[in-house]
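Let the sequences and hints guide you as you build the complete structure.
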Amino acid sequence: MEKIVKKVNDEIKRGWLGPDHNCPYHPAHFTGQDCSFCYCPFFPCNDTTFGWELQGRHGAVWNCSDCLFIHRTPVVKFIYSEIERLGIEDAKDPRFNDIFKAAKERFWKKGKALMVVGATSDAGKSVTVAAICRILHDRGYLVAPFKSQNMSLNSKVTRTGAEIAMIQVLQAKAAGITNPDAHMNPILLKPKGDTVSQVMVCGKPFADYDVEGYYNEFVPGPGIEIVKEHVDFLKDRYDCVIMEGAGSPAEINIYDKDIANMRAAEIADANVILVVNVEWGGSFAYALGTVELIPEKDRKRIKGIILNNVRGNTENLRSGADRLEEITGIPVIGIIPHADVVLPSEDSEALRGVRSKGRGESLIGVIKFPRMANFTDLDPLFLEDVSTVFVEKPEDLKGVDAIVMPGTKNTVADYLWMQETGIADVIKGLWKKIPIVGICGGYQMMGKVLDDSNGIEAGKSAVYEGLGFFDNTTTFGEYAKQILRNEGKLAVGDGGEITGYELHMGISDVREKQPLVYLERFHADPVPEGCVREEDLTFGTYQHGIFDKPAFRKYFLSFVKHNGKPVDTSHAEDYDVTIEENLVKLAKVFEENMDVERLIDIAGVRE
Amino acid sequence: MSILFLGTSSGAGKTTVCAMVCRYLSRNGVDVAPFKGSNLSLNSIATKDGGEIGMGQAFQAWAAGIEPETDMNPVLLKPSGKGVIQLVLNGRPYKNITKDDPMDRGMTLQEVKKAYDRMNERHRLVLCEGSGSPVELNLMDTDLANVGLMRVTGVPAILVGDIERGGVFAAIYGTWKLIPDELKPQMKGFIINRFRGDGSILRSAIGHIESLTGMKCLGVLRYEYLRFPEEDSLSSSDGKLEGNDVHTAFISNLDEMIAHAEEDGFDFDGLKKICGL
Numbered sequence: 001m002e003k004i005v006k007k008v009n010d011e012i013k014r015g016w017l018g019p020d021h022n023c024p025y026h027p028a029h030f031t032g033q034d035c036s037f038c039y040c041p042f043f044p045c046n047d048t049t050f051g052w053e054l055q056g057r058h059g060a061v062w063n064c065s066d067c068l069f070i071h072r073t074p075v076v077k078f079i080y081s082e083i084e085r086l087g088i089e090d091a092k093d094p095r096f097n098d099i100f101k102a103a104k105e106r107f108w109k110k111g112k113a114l115m116v117v118g119a120t121s122d123a124g125k126s127v128t129v130a131a132i133c134r135i136l137h138d139r140g141y142l143v144a145p146f147k148s149q150n151m152s153l154n155s156k157v158t159r160t161g162a163e164i165a166m167i168q169v170l171q172a173k174a175a176g177i178t179n180p181d182a183h184m185n186p187i188l189l190k191p192k193g194d195t196v197s198q199v200m201v202c203g204k205p206f207a208d209y210d211v212e213g214y215y216n217e218f219v220p221g222p223g224i225e226i227v228k229e230h231v232d233f234l235k236d237r238y239d240c241v242i243m244e245g246a247g248s249p250a251e252i253n254i255y256d257k258d259i260a261n262m263r264a265a266e267i268a269d270a271n272v273i274l275v276v277n278v279e280w281g282g283s284f285a286y287a288l289g290t291v292e293l294i295p296e297k298d299r300k301r302i303k304g305i306i307l308n309n310v311r312g313n314t315e316n317l318r319s320g321a322d323r324l325e326e327i328t329g330i331p332v333i334g335i336i337p338h339a340d341v342v343l344p345s346e347d348s349e350a351l352r353g354v355r356s357k358g359r360g361e362s363l364i365g366v367i368k369f370p371r372m373a374n375f376t377d378l379d380p381l382f383l384e385d386v387s388t389v390f391v392e393k394p395e396d397l398k399g400v401d402a403i404v405m406p407g408t409k410n411t412v413a414d415y416l417w418m419q420e421t422g423i424a425d426v427i428k429g430l431w432k433k434i435p436i437v438g439i440c441g442g443y444q445m446m447g448k449v450l451d452d453s454n455g456i457e458a459g460k461s462a463v464y465e466g467l468g469f470f471d472n473t474t475t476f477g478e479y480a481k482q483i484l485r486n487e488g489k490l491a492v493g494d495g496g497e498i499t500g501y502e503l504h505m506g507i508s509d510v511r512e513k514q515p516l517v518y519l520e521r522f523h524a525d526p527v528p529e530g531c532v533r534e535e536d537l538t539f540g541t542y543q544h545g546i547f548d549k550p551a552f553r554k555y556f557l558s559f560v561k562h563n564g565k566p567v568d569t570s571h572a573e574d575y576d577v578t579i580e581e582n583l584v585k586l587a588k589v590f591e592e593n594m595d596v597e598r599l600i601d602i603a604g605v606r607e
Numbered sequence: 001m002s003i004l005f006l007g008t009s010s011g012a013g014k015t016t017v018c019a020m021v022c023r024y025l026s027r028n029g030v031d032v033a034p035f036k037g038s039n040l041s042l043n044s045i046a047t048k049d050g051g052e053i054g055m056g057q058a059f060q061a062w063a064a065g066i067e068p069e070t071d072m073n074p075v076l077l078k079p080s081g082k083g084v085i086q087l088v089l090n091g092r093p094y095k096n097i098t099k100d101d102p103m104d105r106g107m108t109l110q111e112v113k114k115a116y117d118r119m120n121e122r123h124r125l126v127l128c129e130g131s132g133s134p135v136e137l138n139l140m141d142t143d144l145a146n147v148g149l150m151r152v153t154g155v156p157a158i159l160v161g162d163i164e165r166g167g168v169f170a171a172i173y174g175t176w177k178l179i180p181d182e183l184k185p186q187m188k189g190f191i192i193n194r195f196r197g198d199g200s201i202l203r204s205a206i207g208h209i210e211s212l213t214g215m216k217c218l219g220v221l222r223y224e225y226l227r228f229p230e231e232d233s234l235s236s237s238d239g240k241l242e243g244n245d246v247h248t249a250f251i252s253n254l255d256e257m258i259a260h261a262e263e264d265g266f267d268f269d270g271l272k273k274i275c276g277l
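The listed protein sequences correspond, in order, to chains A and B. For what it's worth, the working numbering labels the leading residue of the first sequence as 1, then goes sequentially. For what it's worth, the working numbering labels the leading residue of the second sequence as 1, then goes sequentially.
To be clear, the hints were calculated from the coordinates, so they are not data collected in a lab. All values reported here derive from a predicted model rather than from experimental measurement. Hints may be right or wrong, so weigh each one.
Simulated crosslink set (SDA-like; lysine to any residue; CA at most 20 Å straight-line) [claimed, not checked]: (1) B:Lys-99 x A:Glu-315; (2) A:Lys-6 x A:Lys-110; (3) A:Lys-257 x B:Arg-203.
In structure tokens form, the structure reads like this:
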């Protein structure tokens, strides 16, 4: 505590600083934040709008690590003017209580909420939310993305070790938020089999439900309360919460049980924008039908329609849009052309029917597991000078120059699938001839043994012989999940920087000598992880996102040769940079084709 | 007699559903033939009389057990790039359409009507397929294959909606609602296509749409993993059929689909009634 007092005293003496671009942690909270009070003069304010009591080993601690209030420039400038006016020199001055009250009174107000729903899946909700986040962020609003319930096998790990959908992480990046958290996606459904999903609450495994159990037990029980709590948390901290719906809000057979769409809008008191994908045709019917099937009390929340993904001239749709406005009484606030951007896609549905991507000569075969998870791991690879084929049957492996075995929600089930289809045998035949890399579940399969004696994966007790490329044994010991976010360096090649995150059931006993990476640990020695046998062209790791930084991508592709010619990776870029460039591009497309002033009115954030 | 299958969007499954019904009826001894007033596609085949029609109608003809003929697809529009579209009229290249030299909609609609009439003279039932969505507000006035055909022929229509994308009830209701009022009596039924799971969870919603629109739900067709020739450029599957004999594989796929539909309680009798059989 004394240390903090001293820091605050220094801050008082130093005066206003603004964003501290020299700080290695900058921006710790959001782009454009004010860093004058890195240490808060109000600590502990004990105001639950900004923090909460954390029960630690040594009793309760005031945790306000999520507070953004103290990092907003008008607030900071007000505090300094009061310090000066009152002649305060010490952090312990009791008059800080009065300044705190006055600052809250003057500058804090509950945030608003705006919801984006889609007439269908894949309507473009996610990118619309990302675009709106960026557009409002650029105008100085502090906004947060939110999706109450997301069904996706594409997730990422937050700073605090919670698992949330990848797409909310992307949207948070669009909003300029440095550390997205589980409040932004409090319910994550991860399909396990055909009917059962693992329900993650606040980024931690909660329970498994089938469809009926989810709608009849989870939703009316904890579900609604969870949505309330987290959207409220965000509204306390942000000017506006940009919410994303799920699927169509007009599925009238489950309307009363749907907490992802209009019910969430009601809970958050949000105005709603409806997005329709024009590409497939029938968009006017989809828009009108959606609006009309939603009951009157909820329908009036819908304040705007966006016609999205228009190929060709957007003006061709103008007359139709005018008619739609007339019929529905809801303005069409944007007609958005197809945006040619490179962004991770939300769910594997977007890969439906995709046979191959990319135009390079080297062909990379990606095993398309039925329960493939975190396939966005591979997005940075697609940007390199390679072609990709998604392998669903043994013939698809014909002519490939390398193989990637990605992650899966169920290693054992997908390993059995790979054996039944005959893909496993073809891979074994190609082993040592072409580079093979396994990530997470794919890595587990590369070991000698998959021990599911407890029936965690396949529902029955059995031990399976793996592909045997590495001398590893993976045991699915208990229903527990490893969730870690990592930074580190390659243990091979140029030793370049890598980032990654782990999400897996099962622990591997690794008996290989050469790790792939060294993971940095706080105040401890780096931890070796993964396996490499360069002479066998075989690579494996638990690190999702291993391709994001250029180091591993370059290293792996240096082994990939088409007719003896290696892949040119001289332009390999940090994927984070690529994403940022594309978010800028995306926001520009929306900005130029949407009535932004009207959007700001609908969001309700105008002063 | 005739019937028209409309879709709530492109790729809703009209082509396949039409092929299935062609196969079902021809198996039951009905002289049925496919028809699509206007087709925007690069996938075409040559008919025996040396004409050119869309691939979808050719496959539907085979499903019906007959040879493809040019009257099955009087207007074929083939995008040839740079804003130019080749108009194939009655199986023969007619002219290139551009923005400055557009298609004469009045004339082509008349040609569609004539071909439709000829088909009706030759066959007991003409099974028509619509094109895209029938209610594109910016295009409806100049439509040929959907409301255009309904207007000049009075043909009864059935709407096919794709549930896989979500929002199928909205799509069906919205489409019905946007069909001009004077044509609404021709809207007789709807089909929900590409469903996965237990159909009973849809019952209440289907009942609601039936009572809102007066259209009858003929059934819920399950998601088929079978591969069919893809009609238009929007579908990304390579559309190749397994096996050597494309026709045999295709027909057996349809038979499998019919078996599934029967198993799932698809109302073929109701469909026949709407067709006037």
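Do the hints match the structure? See the list:
no. : hint                  : in the structure
1   : B:Lys-99 x A:Glu-315  : 14 Å, holds
2   : A:Lys-6 x A:Lys-110   : 32 Å, violated
3   : A:Lys-257 x B:Arg-203 : 16 Å, holds
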